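Asks: Protein sequences, first through last, are from chains A and B.
Counted from 1, the first sequence has number 164 at position 164 by our numbering; the numbering is strictly sequential.
Counted from 1, the second sequence has number 72 at position 72 by our numbering; the numbering is strictly sequential.
Be a bit skeptical, because a hint or two may be false.
Unchecked claim - Here are the computed lysine-lysine pairs in the PhoX-like style, where the Cα-Cα straight-line distance is at most 20 Å:
id	chain 1	residue 1	chain 2	residue 2
1	B	108	B	20
2	A	233	B	72
3	A	233	B	103
4	A	259	A	76
5	A	198	B	103
6	A	138	B	53
7	A	76	A	152
8	B	70	B	103
9	B	103	B	72
10	A	253	A	228
11	B	12	B	108
12	A	76	A	260
13	A	228	A	182
14	A	253	A	182
15	A	260	A	182
16	B	91	A	233
17	B	12	B	53
18	A	138	B	12
19	A	128	A	153
20	A	233	B	70
21	A	182	A	259
If you are wondering where the hints come from, they were derived from the structure by calculation, not from laboratory data.
If you're wondering where the values come from, they're calculated on a predicted model, not measured in any experiment.
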Amino acid sequence: MCGTCGCGTDDNDPTILKPGEQPHNHTHDGVHFHSHEHSEHTHEHSHQHRVLEVEQDILQHNAVMAARNRGYFEAKNILALNLVSSPGSGKTSVLEKTLADLSTEIPFYVIEGDQQTLNDANRIDALKIPVIQINTGKGCHLESDMVYNAVKKLNIIDHAVLMIENVGNLVCPSMFDLGESKRVVILSTTEGEDKPIKYPDMFHTSDICIINKIDLLPYLNIDIDKLKNYALKVNPNLQFFEISATTGEGMEKWYKWLKKNLV
Amino acid sequence: MHELSIAMGIVKIAEDETAKVNENIVTKIELEIGKLAGVEIDSLNFVWESAVKDTVLEHAKKIIVVIPGKAKCADCNAEFYLENIYDSCPKCNSNFKGIIQGKELRVKALEVI
Numbered sequence: 001m002c003g004t005c006g007c008g009t010d011d012n013d014p015t016i017l018k019p020g021e022q023p024h025n026h027t028h029d030g031v032h033f034h035s036h037e038h039s040e041h042t043h044e045h046s047h048q049h050r051v052l053e054v055e056q057d058i059l060q061h062n063a064v065m066a067a068r069n070r071g072y073f074e075a076k077n078i079l080a081l082n083l084v085s086s087p088g089s090g091k092t093s094v095l096e097k098t099l100a101d102l103s104t105e106i107p108f109y110v111i112e113g114d115q116q117t118l119n120d121a122n123r124i125d126a127l128k129i130p131v132i133q134i135n136t137g138k139g140c141h142l143e144s145d146m147v148y149n150a151v152k153k154l155n156i157i158d159h160a161v162l163m164i165e166n167v168g169n170l171v172c173p174s175m176f177d178l179g180e181s182k183r184v185v186i187l188s189t190t191e192g193e194d195k196p197i198k199y200p201d202m203f204h205t206s207d208i209c210i211i212n213k214i215d216l217l218p219y220l221n222i223d224i225d226k227l228k229n230y231a232l233k234v235n236p237n238l239q240f241f242e243i244s245a246t247t248g249e250g251m252e253k254w255y256k257w258l259k260k261n262l263v
Numbered sequence: 001m002h003e004l005s006i007a008m009g010i011v012k013i014a015e016d017e018t019a020k021v022n023e024n025i026v027t028k029i030e031l032e033i034g035k036l037a038g039v040e041i042d043s044l045n046f047v048w049e050s051a052v053k054d055t056v057l058e059h060a061k062k063i064i065v066v067i068p069g070k071a072k073c074a075d076c077n078a079e080f081y082l083e084n085i086y087d088s089c090p091k092c093n094s095n096f097k098g099i100i101q102g103k104e105l106r107v108k109a110l111e112v113i
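Between the sequences and the hints, there should be enough to build the whole structure, so can you do that?
Replies: Quick look at the structure:
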């Protein structure tokens, strides 16, 4: 979008016009072309710098691809969840438990993001759930075009749940919209109650916060209410689920939420 | 280190925009980065050199304009500056707010020869 007058100057941007209106073409790049005859006079062309007023969001490409994904998910009534957390919080275990318990009721599809290995995809494949692994190599997060390409391979049916397990990292994935319906941050009780204010961006951009490993609470010095208050300070709209993927405690409420949000 | 992705995104914009006007050397690039955008400017500076190598930006002077964070309280409508995304309203202490400034992450202008 043009930052000067708000109109769409990029060819890719939609133009919204009433009948009879003409799109107004203009550039703000400060470049002026003047043609003139050289036969009557000679002059030196000075080595002038010119300024291109670009006004472009750096993450524009990611935002555009995310919007394409989101439109696809919405049209097919796919509930796409972007699961984010630090490494070791139990993302894959929560996923495995959920798939094992609900796969007879809900069609699931999974995209696994890791820097290396097919380990997580193999764990999901063992449950007979369609899965694609994205290995980001040196990359520390998934981006929307990776998800776009993975989704193309999955042939997801309508009214399904797509679980996108992001790279284990509480910082970088927060900046990259994948086109998900909801972002789910998973935090385990062993991580300390001040994680939400240490890594606020992830909690600020999430909709759901799953607190995992509550079976370990008797052995830990963690105040869950304090953790929740920190998280709510960052994002007052967060919804919590306290669960243990190992014992199954608290999973019912999470399942209820999943079923309610799947249309 | 998502700053590398950010730097690559900047390179792509610069390459695309200069190609449109048939230029291949950028002498100056102006970036706007909001305080709440989640980008560490030190990290961006760290990866910059390797990201711009052999691109139109290789010799460009980089100017970063940092935009302060600003929010509007959803409870009392006060507008206030914030250092952290979790800062509460200084007037009524509410955590409900809309960020109105500070999430910017954009290439503002390129200077070409």
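Asks: For the pair supplied as a hint, residue 253/A and residue 228/A, is the alpha-carbon distance within the 20 Å limit?
Replies: 17 Å, holds
Asks: Below or equal to 20 Å on CA atoms is what counts here, so check residue 76/A against residue 260/A.
Replies: 16 Å, holds
Asks: Does residue 70/B lie within 20 Å of residue 233/A when you go C-alpha to C-alpha?
Replies: 16 Å, holds
Asks: Could you grab the alpha-carbon distance between residue 12/B and residue 53/B and see if it respects the 20 Å cut-off?
Replies: 13 Å, holds
Asks: Decide if the proposed pair is consistent with the structure: residue 12/B and residue 108/B, CA atoms, cutoff 20 Å inclusive.
Replies: 14 Å, holds
Asks: Does the structure keep residue 103/B and residue 72/B at a Cα separation of 20 Å or less?
Replies: 14 Å, holds
Asks: Checking one constraint from the list: CA of residue 182/A to CA of residue 259/A, max 20 Å. Satisfied?
Replies: 14 Å, holds
Asks: Is the straight-line distance between the alpha-carbon of residue 253/A and that of residue 182/A 20 Å or less?
Replies: Distance of about 17 Å is within 20 Å: holds.
Asks: With the threshold set at 20 Å, check whether the alpha-carbon distance from residue 128/A to residue 153/A stays at or below it.
Replies: 16 Å, holds
Asks: For residue 233/A and residue 72/B, compute the direct alpha-carbon distance and say whether it is at most 20 Å.
Replies: 15 Å, holds
Asks: Holds or violated: residue 138/A with residue 12/B, Cα cutoff 20 Å?
Replies: 19 Å, holds
Asks: For the pair supplied as a hint, residue 233/A and residue 103/B, confirm whether the alpha-carbon distance does not exceed 20 Å.
Replies: Holds, because 18 Å separates the two Cα atoms, which is no more than 20 Å.
In this structure, none of the earlier numbered hints is contradicted; all agree with it.
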